[in-house]
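Protein sequences, first through last, are from chains P and R.
Each residue of the first sequence is one higher than the one before, counting from 1 in the working numbering.
Each residue of the second sequence is one higher than the one before, counting from 1 in the working numbering.
If you're looking for bench data, these hints aren't it; they were derived computationally from the structure.
Model, not experiment: these values are computed from the prediction.
Hints may contain errors.
Said to hold, decoys possible - Below, in silico cross-link-like pairs of lysine-lysine (PhoX-like), each with a Cα-Cα straight-line distance of 20 angstroms or less:
1) R/K95 to R/K143
2) P/K42 to P/K2
3) R/K128 to R/K146
4) P/K24 to P/K39
5) R/K85 to R/K95
6) P/K2 to R/K2
7) P/K88 to P/K39
8) R/K2 to P/K24
9) R/K128 to R/K143
10) R/K146 to R/K95
11) P/K39 to R/K40
12) P/K2 to R/K3
13) P/K42 to P/K24
14) R/K128 to P/K188
15) R/K9 to R/K83
Here is how the chains run, residue by residue.
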Amino acid sequence: MKFELLQPRSLQEALEMKKNYGDKARVLAGGTDLLVLLKDQKLTAEAVMSLAGVRDLNFIRYEDGRGATLGALATHGGVAASPIIQQKFPDLAEACSQVGAVQIQNLGTVGGNLCNASPAADVAPPFLLMDAVLTLASTRGERRVSIHDFFQGPRRTVLQADEILKEIFVPEVPGRRGATYLKLGRRKAMEIAIVGIGVAIHLNGSDQVVSECRIAMGSVAPTPVRARRGEEILRNQEVRDELIEEVAVVAAEEASPISDVRASREYRLDMIRVLCRRAARVALARARGNKEEGL
Amino acid sequence: MKKIPVTLKVNGESYDLMIAPYRTLLDVLREEIQLTGTKKGCDVGDCGACTVLLNGQPVNSCLVLAATAQDAEIMTIEGLAQKGKLHPLQEAFVKEGAVQCGFCTPGILISLKALLDKNPAPTMEEVKTAMAGNLCRCTGYSKMFKAVESVTSGLGR
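Isolated chain P (complex conformation):
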């Protein structure tokens, strides 16, 4: 592992450097993925640009009724511990608290997790559920990209060579939102998801009729994905056990998992159904304001 180290002290300086270096400079946020890849020589880099000095990208801001904005350098630990995130976006808090373990959560950032674009990225499903909007910055200006257009394949995103992810906006939805992220691994900590499922249920007025259902899945396709057909089944419907079962079955049909060292394709398909069912029940209970969440 050998490289030149760039240490910008501001975003502006970082963007200038990225413009000059382009693909030759890898952006280092928390380092929990990048440094491992560099050490294992799965990646080489002429230069590494540490954002440690760009302090104003580590923030969590909330505007009532509008939504939350997270700086790209907000750490998993910071997001998981944020009372407003726990309250408004429990699925995101849960995802962040399930990344690696405490030491990794203190280093790793939500922006890094997205830009790294692993199909198993834990923070991706919650952001997909929330229709998050990413602000990509360069010396040419800023552009806003939907999370749905951000991932292009395993470890590939729409980020251009001179761009840096600046912040992530998650809009607040009207009505009552209940959501959860469930991660399956062989153990609770230090795991890459075998399957990760996020479900959000929105209620408007009645406790029985679902106004919106969203399902996001990780580790089951080349990128984290939404299960749009599964979502349709519950939308504007009265909740019944058979419907939740059907949602889970259809969501699994929308996935295209592979067999790898962590699990087989068949096992993943089975687990999508199980986690989908469970997540839908938890999300529904949360939307209804039930303390007791029937897993």
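Fit chain R to the supplied structure of chain P, relying on the hints for placement.
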């Protein structure tokens, strides 16, 4: 590769160093500052043996470039005992026999210190979460839990 000047503040002391920009905090602590209490296990963030406090937060020092830790307060296992007096956690580990081969112990003590600084009376579940990133391959966790309990039990739980 050209070396760069880096000043690190470790356990309250300042160290002016000339190091290669790609060296990790772990390697610099061990090889340049000779603080070898922090252990190198996996070197990829899986085992937690290299855990140190960075501004009070436990992190894997193998995943931090030393040059990027310039402005931080770093604490290693060597900084845990104050004025020759062991930290209560260290005392408890000795008393309960919570140290077997000892390789994971520095990292675990740092993780636990960070927990107790934040939460002086944690539940056992919280203790386990705090230690989830630290592997003990002697598998001697029970005595460690006992040791933590002996430190926290008097704290009005």
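Taking the hints in turn, this is what the structure says about them:
{"no.": "1", "hint": "R/K95 to R/K143", "verdict": "holds (10 angstroms)"}
{"no.": "2", "hint": "P/K42 to P/K2", "verdict": "holds (13 angstroms)"}
{"no.": "3", "hint": "R/K128 to R/K146", "verdict": "holds (12 angstroms)"}
{"no.": "4", "hint": "P/K24 to P/K39", "verdict": "holds (17 angstroms)"}
{"no.": "5", "hint": "R/K85 to R/K95", "verdict": "holds (15 angstroms)"}
{"no.": "6", "hint": "P/K2 to R/K2", "verdict": "holds (11 angstroms)"}
{"no.": "7", "hint": "P/K88 to P/K39", "verdict": "violated (38 angstroms)"}
{"no.": "8", "hint": "R/K2 to P/K24", "verdict": "holds (18 angstroms)"}
{"no.": "9", "hint": "R/K128 to R/K143", "verdict": "holds (13 angstroms)"}
{"no.": "10", "hint": "R/K146 to R/K95", "verdict": "holds (10 angstroms)"}
{"no.": "11", "hint": "P/K39 to R/K40", "verdict": "holds (14 angstroms)"}
{"no.": "12", "hint": "P/K2 to R/K3", "verdict": "holds (12 angstroms)"}
{"no.": "13", "hint": "P/K42 to P/K24", "verdict": "holds (15 angstroms)"}
{"no.": "14", "hint": "R/K128 to P/K188", "verdict": "holds (11 angstroms)"}
{"no.": "15", "hint": "R/K9 to R/K83", "verdict": "holds (18 angstroms)"}
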